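As numbered in my numbering, residues 138 to 884 make up the sequence shown, in order.
Derived from the structure by calculation, the hints contain no laboratory data. All values reported here derive from a predicted model rather than from experimental measurement. Where a beta carbon is used, it is the ideal one built from N, C-alpha and C, also for glycine. Treat each hint with caution, since some may be false.
[To be verified] Pair ranges (Cβ atoms, derived):
#, residue 1, residue 2, range
1, 342, 510, 20 to 28 Å
2, 209, 302, 37 to 45 Å
3, 393, 448, 46 to 54 Å
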Amino acid sequence: MQPSLRTSIVLLACSPVAFGQSDDCGIPDAISGEGEFAYSYATATTDIVIGETEPLCSAFIANDVFWTWTATADGDYLFQLDPESVLGYRFHLYDGSNCLATCIGTGSPAPLDPMRVNGLLAGDDILIRIGAQSVNFGIGQLSILAVPPVPLEDSCATPAAIAGFGAFDFEATRATDSNFNGGSVACQPLPGAQRMHHDVFLAWTATASGDVAFDICNAVTDVTLAVHLGSDCSATCLTGDNREECIGEQSSARIYGVSAGQTYLLQIGTATDPHANNIVHGAVDVSVAPPEVPGNTCSNPVAISGLGSFGWNADDSTDSGFAGAFGDCVEPIEGMLAQDTFFRWTATGSGARRFESNGLLTSEVLRVYEGDDCSATCIDVNFADAYGVTVAGVAPGDEYLIQISAWRRISYGASGQLDVSIPVVETTGDTCAAPIVIPFAAASLGAEIYWDNSLATTSGFDGGSPANCMSPSNPDGSPLGQIHRDRFFLFDGFALAGYTVSTDGSPSIADTRISVHAGKDCNAVCIGSNDDIAPGGGNPASSFTFFTGLPQCQGTEFLIQVGGGGAFDSGIGVLKVVPGPIALSIFNFLCHPASPHHDGDSVSLCDSTYGAATPSGLHLEASQGPAGEFGFFLVSGGANSNVPIFNGVLCLDLPLGRFNPQIATNQGLPVLNSVGQFDASGRLQNLSGTAPSSGGSGFDVPLQLPFSPPGQTITPGSTWYFQLWYRDQVLTPGDSANFSHVLGLSF
Numbered sequence: 138m139q140p141s142l143r144t145s146i147v148l149l150a151c152s153p154v155a156f157g158q159s160d161d162c163g164i165p166d167a168i169s170g171e172g173e174f175a176y177s178y179a180t181a182t183t184d185i186v187i188g189e190t191e192p193l194c195s196a197f198i199a200n201d202v203f204w205t206w207t208a209t210a211d212g213d214y215l216f217q218l219d220p221e222s223v224l225g226y227r228f229h230l231y232d233g234s235n236c237l238a239t240c241i242g243t244g245s246p247a248p249l250d251p252m253r254v255n256g257l258l259a260g261d262d263i264l265i266r267i268g269a270q271s272v273n274f275g276i277g278q279l280s281i282l283a284v285p286p287v288p289l290e291d292s293c294a295t296p297a298a299i300a301g302f303g304a305f306d307f308e309a310t311r312a313t314d315s316n317f318n319g320g321s322v323a324c325q326p327l328p329g330a331q332r333m334h335h336d337v338f339l340a341w342t343a344t345a346s347g348d349v350a351f352d353i354c355n356a357v358t359d360v361t362l363a364v365h366l367g368s369d370c371s372a373t374c375l376t377g378d379n380r381e382e383c384i385g386e387q388s389s390a391r392i393y394g395v396s397a398g399q400t401y402l403l404q405i406g407t408a409t410d411p412h413a414n415n416i417v418h419g420a421v422d423v424s425v426a427p428p429e430v431p432g433n434t435c436s437n438p439v440a441i442s443g444l445g446s447f448g449w450n451a452d453d454s455t456d457s458g459f460a461g462a463f464g465d466c467v468e469p470i471e472g473m474l475a476q477d478t479f480f481r482w483t484a485t486g487s488g489a490r491r492f493e494s495n496g497l498l499t500s501e502v503l504r505v506y507e508g509d510d511c512s513a514t515c516i517d518v519n520f521a522d523a524y525g526v527t528v529a530g531v532a533p534g535d536e537y538l539i540q541i542s543a544w545r546r547i548s549y550g551a552s553g554q555l556d557v558s559i560p561v562v563e564t565t566g567d568t569c570a571a572p573i574v575i576p577f578a579a580a581s582l583g584a585e586i587y588w589d590n591s592l593a594t595t596s597g598f599d600g601g602s603p604a605n606c607m608s609p610s611n612p613d614g615s616p617l618g619q620i621h622r623d624r625f626f627l628f629d630g631f632a633l634a635g636y637t638v639s640t641d642g643s644p645s646i647a648d649t650r651i652s653v654h655a656g657k658d659c660n661a662v663c664i665g666s667n668d669d670i671a672p673g674g675g676n677p678a679s680s681f682t683f684f685t686g687l688p689q690c691q692g693t694e695f696l697i698q699v700g701g702g703g704a705f706d707s708g709i710g711v712l713k714v715v716p717g718p719i720a721l722s723i724f725n726f727l728c729h730p731a732s733p734h735h736d737g738d739s740v741s742l743c744d745s746t747y748g749a750a751t752p753s754g755l756h757l758e759a760s761q762g763p764a765g766e767f768g769f770f771l772v773s774g775g776a777n778s779n780v781p782i783f784n785g786v787l788c789l790d791l792p793l794g795r796f797n798p799q800i801a802t803n804q805g806l807p808v809l810n811s812v813g814q815f816d817a818s819g820r821l822q823n824l825s826g827t828a829p830s831s832g833g834s835g836f837d838v839p840l841q842l843p844f845s846p847p848g849q850t851i852t853p854g855s856t857w858y859f860q861l862w863y864r865d866q867v868l869t870p871g872d873s874a875n876f877s878h879v880l881g882l883s884f
């Protein structure tokens, strides 16, 4: 990597500086070489320099004065202002000698902030501009000093060699970006950052065995540290960007069990943007580390066993950087965790076990690993203050590594307790007629339900579609067949989120399977099915998910069927229901809830994309209606502020379209007829002879709109509002009607 030249200007500590003597950028005073130069902008006016339109010099300067400074020798130079006035000021440096000069850096309005320019050649000109932050006036002295070149260990292939304990200087101001990370994102500077910037390398060799601390807390600017095992570019990441003991954005690290003669590669840089002109220098202090906190590393976990609550305190914990082999952990979030606490838990009984961390002062992440040391493989990960982790099929004597970490360093001084318990396992729900109800709040938050099908029977239920919910294909093309020893669960859909459902099982369930049906009992209609079998054999430890595309409103029920792939696949499983994305953008529910009808409920309008056989991709459902009454859908390009009509409220603007027989006849399009009748369960069933409907209920919305003149269609990006009109009874004789709430969607 080669150091940048003139464009590598750097702000040092925290102060703006302003310069100049002439009041005109076209005829600046000439100065050169090293020295001190008095300035005054007490009577200056405000000039415009062409280069100030660039981002680096966009800060406003008033009452400015100018110098043209000429370098008398090759090298790096430091420009520093010593103001006698404390009024707010700024300074800019430009490449050139007049008003057409190009900006290369700017100072900020804090006192005593030097600026550094690297790689100048003898004879190069720098235009110096100093002035007020607003309309202030000041005097002071400018000093220009040559900075001796600093050796740059700019590559992992050529690190500077250091050894033993002490303070070792580093200078990364002129360094470029190596992109080196020791083979792991755990050695990146910040969550989400792609790489460390302006990094240099030191190869430190241990002269004694023990625990070692590396600190760069005294460094200038935002500095980050990564430690790798090795001495060159083949080194392996150990830990990166640990900041638990530094004030501000600095970094430290602890390495335990260092052996004399072992070499470690220290990588030091900044987490800021590579184009930011920051001075990065300081010293790395190498010292004997304080005694290791019990449970602070995967190699020194606290031993616990059985059920109960186990306290933890991470006040003195460091950041281990450990994430193990990912296994079933779906998200590589190492590098984002801090202040780890590790437990080695030994099972004293058999069956499923639940691990939850209840922290007092911080947001935690919980990982559970199969194994008891740093070679363990991750089973599952979760935010510990949500639902924790459940492990099925535990046997007496089994050992698991438990890791509790702070999330993104948002809090230090964390404590809490690890609770180990036997999860409540559902053994009911053996038929589609009597499913286990999942509370709506649990489903909307991403609940986990534990089921046991050891005593369940095989129902043979297929949701009316054996092709979709009974015999989908394995990855190798072979049919799956039915779900054995199945359990049934029921939950209500909700606005603004589709759902992803998944399940996995204990080792005794070699092949877990799942089907999802629209409905609440044995009349439910199949949506789809999946299983976790892999080519060449079962994979009992892995869960799977699929997007159901479920209706988007509360009050629409969905039946979930889980079980095994074979007659002997039985044991404990985990069912997860997680909100997911939706195909159409629902941005509003108006007049919600709608006016109640004579049976006491309010009709709920639902959006769904499952099975929609129309180019619009929209299927509308209506539920909770009065049994036996008729209804049809309305559409409008806008919504109003509630117009009472009959028993309900019309919430659509004029003109509005009606998907009814008259419009269908007028336009010659049967798909424009949505007339349906509420069945005994309150679901609007499409009537014979009207528009086609997926599953027989609701209405597949066509692209054509029921407006006059004919030919108007739904187009991508358009927004439409839908409402259901339906017949309703009144206590006194006479016709009456009612309305659902309004659903607004963007296509």
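The hints, checked one at a time:
Between residue 342 and residue 510 the beta carbons are some 27 Å apart, a value that agrees with the proposed interval 20 to 28 Å. For the pair residue 209 and residue 302, the supplied restraint of 37 to 45 Å holds, since their beta-carbon distance comes to about 42 Å. The given range of 46 to 54 Å is broken by residue 393 and residue 448, whose C-beta atoms sit roughly 23 Å from each other.
Against the hints set out earlier in the document, a violation occurs for number 3 only.
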